[in-house]
Amino acid sequence: MTTEQRVPIRIEQDIVVARQSVRELAGRLGFGTIDQSRIATAVSELTRNVIRYATDSTGDMYVREIEGPRGKGLEIVVEDHGPGIADLDLVMQDGYTSGGGMGLGLPGTKRLMDEMELTSAVGVGTTVTIRKWRR
Amino acid sequence: MIFPIVKIGNCLIATLTEDIGDADAMDLQESINTRIEATGASGVLVDISALQTIDSFLGRLLNEIATGARLLGAETVMAGMQPAVAMTLVELGLTLKGVRSALDAERGLTMLGQHLNGGGQ
Numbered sequence: 000m001t002t003e004q005r006v007p008i009r010i011e012q013d014i015v016v017a018r019q020s021v022r023e024l025a026g027r028l029g030f031g032t033i034d035q036s037r038i039a040t041a042v043s044e045l046t047r048n049v050i051r052y053a054t055d056s057t058g059d060m061y062v063r064e065i066e067g068p069r070g071k072g073l074e075i076v077v078e079d080h081g082p083g084i085a086d087l088d089l090v091m092q093d094g095y096t097s098g099g100g101m102g103l104g105l106p107g108t109k110r111l112m113d114e115m116e117l118t119s120a121v122g123v124g125t126t127v128t129i130r131k132w133r134r
Numbered sequence: 000m001i002f003p004i005v006k007i008g009n010c011l012i013a014t015l016t017e018d019i020g021d022a023d024a025m026d027l028q029e030s031i032n033t034r035i036e037a038t039g040a041s042g043v044l045v046d047i048s049a050l051q052t053i054d055s056f057l058g059r060l061l062n063e064i065a066t067g068a069r070l071l072g073a074e075t076v077m078a079g080m081q082p083a084v085a086m087t088l089v090e091l092g093l094t095l096k097g098v099r100s101a102l103d104a105e106r107g108l109t110m111l112g113q114h115l116n117g118g119g120q
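Residue numbers (numbering that gives the first Met the number 0), protein chains in the order written: chain A, 0 to 134; chain B, 0 to 120.
Because the hints were derived from the structure by calculation, they are not lab data. These numbers were taken from a predicted model, which means no experiment stands behind them. Careful: at least some of the hints might be erroneous.
Said to hold, decoys possible - Computed from the model, here is a short list of chain B residues facing chain A with C-beta under 7 Å:
#1 G20
#2 S55
#3 T87
Stated by the list, open to error - Chain A regions said to be covered by chain B (calculated; three or more residues, Cβ under 8 Å):
#4 10 to 19
#5 27 to 40
We treat Cβ as the ideally placed atom computed from N, Cα and C, and that holds for glycine.
So that you can see chain B by itself, here it is in the shape it has in the complex (with noise of 0.2 Å):
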């Protein structure tokens, strides 16, 4: 499976689904990275709006997408989150500390200081 990357501005946004497994994670990973280097994006925007279930293995991963992100200097925001999916993360013991996080793809891009232009703004 292959979740496609998109660039606006400055920003990358991959549209994760439901179905992901644990390769595709580790691809997404890598792609992710490869990407921020070839364009030089200052930010990621990781929808995980269509995430049901975030194990411990995806939790680290996407924790560890974000330290890496930082390390070639793109922000990353996980945006969209489920508050089943929240509150399963917590009593599963998994705090994603390293990951900024917001409520929709949207507030998501704002943070990353991308505004989108078309609500007359």
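So here's chain A without its partners, still in its complex pose (with noise of 0.2 Å):
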């Protein structure tokens, strides 16, 4: 077991941070250099969700080690206090975007990730957890 890392999520240049961290631990954890590329850009869609659309454009970050049937893992939760997302079918949908985008962000994040849930709650907030297993 391997303590959970935490970022926060409070200034665009977090978002390097952000990515930059995740990726340092893929690779330590034994993921290759395209599924450390997948993850790190899913991180960094994710983390600019937060800055982009959370109220306060703050957030967070937890990364940790995991196992399951399929063997080691890593986990990835980004939570905001944000507004929240009333259709998250919506969202999920490619080209659909409230922000001016391109709409790829969270379908695009789907794809290059194992699994992705993601929970919302108008005025609450949003929390996108995203999976990825070692080969």
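The two chains are supplied separately, each in an independent frame; assemble them into the complex guided by the hints.
This is the structure we're talking about:
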């Protein structure tokens, strides 16, 4: 069991910090270059959502090593206390955007990772959990 | 963070680093446009070989850099994308349709019509 790593997401530059720290951890855990790129890109998308959409533009990322039936993996939780998402199905559609982006962030993140769970409550916040298993 | 833009012949060359943030990328876009106007450059080479991550924001911006440069009369080539980044972009769903790319900076310059002397070619 390794300790959980917490990265606060407060300013735009934290997106860079978050993706670099998760890439470094993924490399240490034995993920290959392509998986490192997938994971870092997914984190970049999710943490940018925090900066762009959360009411106070703040949130936190938690990263930890996990073990499951498929072996070792990496679990990343990105949470904010922003406005929340009213229609979860809608935001998972390619091309849907509420903020002038391309609408690839969430559906793209799901494609890059092995597992993704999205929970949100309007007025409370949004939590996205993603996992990648080591091959 | 400021990315220096150098001019060689008719080409502008910018080299990006892994720690590029959103604001830096937008500054770069503006600097490239300003330099095209100031120098009349006909080509822009963006060396992305150091980038280990290109997410949807940066991908879109690279597209916009190329589109903006074209409107100012300059062709853009993105050079040196890492294979892992290319795979990730495809899975993300980002096709970068408007962007020309080259395996490395030297080939990129050749595509832009800039042949460097010194190799005895």
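(request) Determine which of the earlier numbered hints do not hold for this structure and return their numbers in increasing order. (result) Of the numbered hints given earlier, the structure breaks none, since each of them holds.
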